[in-house]
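Asker: Sequence:
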Amino acid sequence: MTETRSYSHREILKILSGLVLALLTSMISTSVVGTALPAIVGDLGGQDQLSWVASAPLLTMTVSTPLWGKLSDLFGRKLMFQLALVVFVLASMAAGLSQNMAELISARAVQGLGVGGLSALTQVILGDIIEPRERGRYAGYTGAAFGVSTITGPLIGGFIVDADSLGWRWCFYVCVPLAAVAFVVIQKALKLPRVRRDARIDWLGAFAITGGASALMIVLTLGGKQFAWNSPWTYGLGALSAALLALSIVAERRAREPILPPRLFTNRTFVFSALASLFVGVTLFGALTFLPQYLQIVKGMSPTMSGLTTVPMVVALFLASVGSGRIVTGTGRWKVFPLAGLLLVAVAMLLLSGLNSNSGRLVVGLDVAVLGLGLGLCLQILILAAQNGAKREDMAATTAGVSFFRSLGGAMGVAAFGAILTSRLNAEMAGMLRAAGAEAPVDGTRLGSPEAIRRLPEPFHGFVLESFARAMETVFMVGVPIALLGFLSVLALKELPLRSAAAPAKARPLAEGDPANVS
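Position in the sequence shown counted from 1, then plus 10, gives you the working numbering.
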């Protein structure tokens, strides 16, 4: 019988500090670039390839998440986590050294691979070292790191770009020393008994899952931008995705060590946790991607000021994440929190849909604070619920699977909300221009940066602001039923009592004197 090591509160905090630092650093890298994109295009050119700078890491992060979970089962959590850190650091340096857009996009794609590993394995490692009943006490910090990184990224990017002595390349370099510190902390603090497994990599399943998810992600991220939704590209990539995902089902049923074991999808807790996470991802990434457009275009704020306006959301998310985690640890009950959280997200999206050009900063701050409270009650509790309902040998696959669906929901949210914004914006502007006797139709995607919009003469400047405000109303209103679908998914979950002790792993540990015993 395998004995599992027990970690003290102090040991867990040391390990958690390294995990959170790595997670915070990697997630900041995905959001810091948005503010720097105009400067990057001005230096490297390639305006037509701009969307790939943001899309490439999101694509590779999402599709690689299940693979990292399986690799950690085969080669050890610590080794794979450190490998993900190394991949992230090298890719960040390569991105900063890029001399053209092709090099930058390639580096960003590799950077996304590292981010996918760090985001998935953080939760897997926490699942290994902390008993389920105690996990909520610490999981709130990782949820807070996720929210903080999403908001602080644009702030850091704006500061770096505006600093004469730095420049856009430091948006990538700034992550390197923080990642190096995280590597050292994990090396010293994390001591996991290595498990010898007689296993092999499911190459066919890896190819089918990665290829199918990649084709779907390309459609979601580039549809309506690089090619029309109603086009051969959309239908071709959609058919390819469906074929590869069908192949993955066959491959996973036959594989000895499947990447996403089919038995997971017979586990009701996993299925509804993953489904709820997908809806949370849609609202989370959708709102956080397009809220800055309202603040910068409609309200005329600078990137730095728009980031500061969303600070109440970060504070609320942190308090909700940490507070709910501690209550879960004390009571063992968790279902009420994602239920309440998704209702709050629905309310927040409804409130945000009521924003207009006259809305004050206090109103905006209160609205985003409600959104932060809702997200803080959902993000980590859903992963905790899935882990609690999983067998020990399925811990990594379960955690990576739920993270995968949340990332996939994020891509779907950005694509869907972007399509709605563009369609409604064009319709509103065309109507206003016709009423004013000007030419129509108009393409709202070609209006340029917020600075360029602010320089438009009246009455066209007013038309643009009013059109954006009405388009954003529709975008946020769509988020309401999506959040309610997440609520229904959580409602279908059965609240299993949190286990007070982790079950032993079904694998033989190496002997005490084996030099490979500690990973």
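These are calculated hints, taken from the structure and not from any lab test.
Ideal placement from N, C-alpha and C gives every residue a C-beta, glycine not left out.
Check the hints yourself; a few may be wrong.
[Claimed, not checked] Cβ pair distances, simulated, as ranges:
(1) 236 to 177: 26 to 32 Å
(2) 245 to 175: 46 to 52 Å
(3) 85 to 113: 25 to 31 Å
(4) 173 to 372: 50 to 56 Å
(5) 310 to 272: 51 to 57 Å
(6) 371 to 84: 50 to 56 Å
(7) 366 to 201: 25 to 31 Å
(8) 173 to 113: 39 to 45 Å
(9) 236 to 367: 29 to 35 Å
(10) 175 to 89: 36 to 42 Å
(11) 402 to 272: 15 to 21 Å
[To be verified] Mimicking BS3-like on lysine-lysine, the simulated pairs with C-alpha atoms at most 25 Å apart in a straight line are:
(12) 345 to 198
(13) 345 to 401
(14) 401 to 198
(15) 198 to 24
(16) 401 to 201
(17) 401 to 504
Asker: Compare the structure with each hint and give your call.
Answerer: Here is what the structure says about each hint:
Against the hinted window of 26 to 32 Å, the Cβ-Cβ separation of residue 236 and residue 177 comes to about 28 Å, which satisfies the hint. A C-beta distance of roughly 50 Å is found between residue 245 and residue 175, which places it inside the suggested range of 46 to 52 Å. A hinted range of 25 to 31 Å holds for the C-beta pair residue 85 and residue 113, which are about 30 Å apart. The hinted range of 50 to 56 Å is not satisfied by residue 173 and residue 372, whose Cβ atoms lie roughly 30 Å apart.
A hinted range of 51 to 57 Å for the beta carbons of residue 310 and residue 272 is consistent with their spacing of about 53 Å. One distance hint, 50 to 56 Å for the beta-carbon pair residue 371 and residue 84, holds here, with the actual separation near 51 Å. Checked against the given bound of 25 to 31 Å, the beta carbons of residue 366 and residue 201, roughly 55 Å apart, lie outside it. Remark: the range hint 39 to 45 Å for residue 173 to residue 113 is contradicted by a beta-carbon distance near 24 Å.
A hinted range of 29 to 35 Å for the beta carbons of residue 236 and residue 367 is consistent with their spacing of about 31 Å. For residue 175 paired with residue 89, a C-beta distance near 38 Å keeps the hint of 36 to 42 Å intact. For residue 402 paired with residue 272, a C-beta distance near 18 Å keeps the hint of 15 to 21 Å intact. Distance hint between residue 345 and residue 198 is unfulfilled; the C-alpha atoms sit about 36 Å from each other, more than 25 Å.
About 20 Å separates the Cα atoms of residue 345 and residue 401, which keeps this hinted pair within 25 Å; it holds. Proximity of residue 401 to residue 198 is assessed by CA-CA distance (about 29 Å); at most 25 Å being required, the pair is judged violated. Distance check on the hinted pair: residue 198 and residue 24 sit about 9 Å apart at the alpha-carbon level, within 25 Å; holds. For the hint pairing residue 401 with residue 201, the CA-to-CA distance comes to about 22 Å; that is within 25 Å, so the pair holds.
Of the supplied pair hints, the one linking residue 401 and residue 504 holds, its CA atoms being roughly 16 Å apart against a limit of 25 Å.
In the structure shown, a violation is registered for the earlier hints numbered 4, 7, 8, 12, 14, in ascending order.
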